[in-house]
Amino acid sequence: MRLYNLAPATAKAAVVLLSLCLGIGLFAQPPIKTPDPFDIEYPDDEEPSAEQVALGKVLFFDKRLSGKQNMSCASCHNPDLGFGDGFTKGVGSNGTILGRNTPHLYNLAWNTLFFWDGRAASLEEQALGPIQSDVEMNLKLPDLIERLRAVPYYQKHFAEAYPDHQPAVSETTIGHAIASFERTLISDNAPFDRFMAGDTHAMSDEARRGMALFLGKARCINCHNGPNFTDNGFHNIGVSKGDDLGRAAIQKGATTERAFKTPGLRNVLLTGPYMHDGSIGSLEAVVRHYIDAPKQSGTLSPQMEKIELSHLEILDLVAFMGALTDPIEVTPPKVP
Amino acid sequence: MVFNAFRRRLLLGCAFFLGLLTPIAAGEISGTLSFEKKPPSVGLAYMADDHGLSKSDNPKLDQKDQQFIQPMVVAPVGAKISFVNSDNTDHNVYAADADAGADFDIGLASPGSEIEQEVTWQDDMVIKVGCKIHPKMRAYVASVDSRYHQVIEFDRTQKTHNFRLEVPASVSVFRLWLPNYEPVEIKIEAGKEATAQLIKKGKIYGSITLKRN
Numbered sequence: 001m002r003l004y005n006l007a008p009a010t011a012k013a014a015v016v017l018l019s020l021c022l023g024i025g026l027f028a029q030p031p032i033k034t035p036d037p038f039d040i041e042y043p044d045d046e047e048p049s050a051e052q053v054a055l056g057k058v059l060f061f062d063k064r065l066s067g068k069q070n071m072s073c074a075s076c077h078n079p080d081l082g083f084g085d086g087f088t089k090g091v092g093s094n095g096t097i098l099g100r101n102t103p104h105l106y107n108l109a110w111n112t113l114f115f116w117d118g119r120a121a122s123l124e125e126q127a128l129g130p131i132q133s134d135v136e137m138n139l140k141l142p143d144l145i146e147r148l149r150a151v152p153y154y155q156k157h158f159a160e161a162y163p164d165h166q167p168a169v170s171e172t173t174i175g176h177a178i179a180s181f182e183r184t185l186i187s188d189n190a191p192f193d194r195f196m197a198g199d200t201h202a203m204s205d206e207a208r209r210g211m212a213l214f215l216g217k218a219r220c221i222n223c224h225n226g227p228n229f230t231d232n233g234f235h236n237i238g239v240s241k242g243d244d245l246g247r248a249a250i251q252k253g254a255t256t257e258r259a260f261k262t263p264g265l266r267n268v269l270l271t272g273p274y275m276h277d278g279s280i281g282s283l284e285a286v287v288r289h290y291i292d293a294p295k296q297s298g299t300l301s302p303q304m305e306k307i308e309l310s311h312l313e314i315l316d317l318v319a320f321m322g323a324l325t326d327p328i329e330v331t332p333p334k335v336p
Numbered sequence: 001m002v003f004n005a006f007r008r009r010l011l012l013g014c015a016f017f018l019g020l021l022t023p024i025a026a027g028e029i030s031g032t033l034s035f036e037k038k039p040p041s042v043g044l045a046y047m048a049d050d051h052g053l054s055k056s057d058n059p060k061l062d063q064k065d066q067q068f069i070q071p072m073v074v075a076p077v078g079a080k081i082s083f084v085n086s087d088n089t090d091h092n093v094y095a096a097d098a099d100a101g102a103d104f105d106i107g108l109a110s111p112g113s114e115i116e117q118e119v120t121w122q123d124d125m126v127i128k129v130g131c132k133i134h135p136k137m138r139a140y141v142a143s144v145d146s147r148y149h150q151v152i153e154f155d156r157t158q159k160t161h162n163f164r165l166e167v168p169a170s171v172s173v174f175r176l177w178l179p180n181y182e183p184v185e186i187k188i189e190a191g192k193e194a195t196a197q198l199i200k201k202g203k204i205y206g207s208i209t210l211k212r213n
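Quick mapping for you: the protein sequence lines, in order, are chains X and R. Going by this note's numbering, the first sequence opens with residue 1, and the numbers climb by one from there. Going by this note's numbering, the second sequence opens with residue 1, and the numbers climb by one from there.
Same shape as in the complex, but just chain X (with noise of 0.2 Å):
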């Protein structure tokens, strides 16, 4: 389908039979389409309250998170940069360069494993590895504890928010609280968004010719699928040459080496540089590596399709792309 070249009225037509096709799944993968939030798993089946939220607002942006006091969670993943922070590689309270790039956190309510290796099976479990890693924040939980437990703030907030929990603050509460406020991080109306809700306008004519790429001759559907655009997979794209064994240092398999994490496309633009070592710094270049690499191993995941585009189809993809975006805006809360 080219919805490219249609006039508006063709255009709706057109995007109520795409919606159509998406919905009775004619495409093999799960249809790209606006996340819904009865899918969110949430811990127990339990939504957050308002007050668990608040509270981990405050938690992510608070420096007594790091050892030294001198990093949050929100140095790295900094809502002001897309939810990362702009580097290649993100940098430890110590100023040690890691070895991966910084995840978004855009819409990880959806999301099934975590980190670019899924080390982590919980965003709970998740939010409480940088702080303990000691080239990240460096601080041991009972430490963290220690320190929260002497803040006034915390003493009263910790048990308004979690009053069946004795002690209020402990790493189930904070790991809980921050988790809770990361699940509320969700990009949903994006243009993409509005143009499958039938407004035709919504989408410039390379977002639409981009994304009848992005669905069909780029196979970029392969694995950026689903409402928030990953199948939540790992796979290897011919991105890792060096030591890192991706997926496959925490599960051996045929299919687990060199594999990392599908990212998430959900404001994609705003979360460069690319890819798990972030060696690749535009999106342009994204699509050139999913061009380039195919052909030069033969040992990729076999998503990865031979495709061939000229140089107007990869910024059309790229403009569909960019009609992903829906910044949030987070305010920082005043931290105690």
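If you're looking for bench data, these hints aren't it; they were derived computationally from the structure. We put the CB at the ideal spot given by N, CA and C, even for glycine. Just to be clear, a hint being listed does not mean it is correct.
EDC-like mimics (lysine to aspartate or glutamate), calculated; alpha carbons at most 20 Å apart, straight line [as the list claims (entries may be wrong)]:
| # | chain 1 | residue 1 | chain 2 | residue 2 |
| --- | --- | --- | --- | --- |
| 1 | R | Lys136 | X | Glu125 |
| 2 | X | Lys334 | X | Glu51 |
| 3 | R | Lys136 | X | Asp44 |
A few chain X residues that face chain R, going by a derived Cβ cut-off under 10 Å, partial list only [what the hints assert, rightly or not]:
| # | residue |
| --- | --- |
| 4 | Gln29 |
| 5 | Tyr42 |
| 6 | Cys223 |
| 7 | Asp231 |
| 8 | Asn232 |
| 9 | His235 |
| 10 | Arg247 |
| 11 | Gln251 |
| 12 | Lys252 |
| 13 | Gly253 |
| 14 | Thr255 |
| 15 | Thr256 |
| 16 | Lys261 |
| 17 | Pro302 |
| 18 | Gln303 |
Here the structure of chain X is known, so what remains is to put chain R in place on it, guided by the hints.
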């Protein structure tokens, strides 16, 4: 040899005769599951005091559109499950359940492939299987040998679900398995009703009511 042939015919005759008798359901258990929150995706109701499910049925667990088509298959120990890939993308099926003793990985399953895996792990367990390429894919395999079972797929937008299980008079031990919930076992005779709580992590999340005619 003659004796053996006669005995084989006799056994076959008995098996045929029994075969005519056993499928006839003597009654029915109707059940209602009520959840306080969103229900799980799937459950298994079965009569635990029957052990007649054939090992040679070879159930299939199929994959399409990056999902397992069936949320659960039931196969007794010794049966072989066929993992079918009807998708247009590669998949994998694995299990790592130390409690059940289930640890297998079928490797890379190409589109169109069909790979068998024997149920070698502990009897009467439900294990989770997944795809290492697509971790969001999950399904369950129940090593259950009861002919009187039903996989219940829940509409997660609904909090109340009804099911019916045809059962002969010879069985009375009903079991319900739900992911992450404590298993429920109820002994129920004809003409009786019973209710039990659905408990997850020590908290009550719903109830089940059974009625047997």
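Okay, the hints, checked on the actual structure:
1. Lys136(R) / Glu125(X): Cα-Cα ~17 Å, so holds.
2. Lys334(X) / Glu51(X): Satisfied, since the Cα-Cα distance of roughly 15 Å is no more than 20 Å.
3. Lys136(R) / Asp44(X): Given that 20 Å is the threshold and the Cα spacing comes to 18 Å, the pair holds.
4. Gln29: Hint holds; glutamine 29(X) Cβ to chain R Cβ min 6 Å, cut 10 Å.
5. Tyr42: Hint on tyrosine 42(X): holds, closest Cβ of chain R at ~9 Å, below 10 Å.
6. Cys223: Result: holds, 9 Å to nearest chain R Cβ.
7. Asp231: holds (6 Å)
8. Asn232: holds (4 Å)
9. His235: Given a least distance of 7 Å, the restraint on histidine 235(X) holds.
10. Arg247: holds (8 Å)
11. Gln251: holds (6 Å)
12. Lys252: Hint holds; lysine 252(X) Cβ to chain R Cβ min 8 Å, cut 10 Å.
13. Gly253: The hint holds - glycine 253(X) has a Cβ within 10 Å of chain R, the shortest such distance being about 5 Å.
14. Thr255: holds (5 Å)
15. Thr256: Given a least distance of 6 Å, the restraint on threonine 256(X) holds.
16. Lys261: holds (9 Å)
17. Pro302: Since chain R brings a Cβ to about 5 Å from proline 302(X), closer than 10 Å, the hint holds.
18. Gln303: Cβ of glutamine 303(X) sits 6 Å from chain R, so the hint holds.
Violation of the numbered hints given earlier is absent; every hint is satisfied by the structure.
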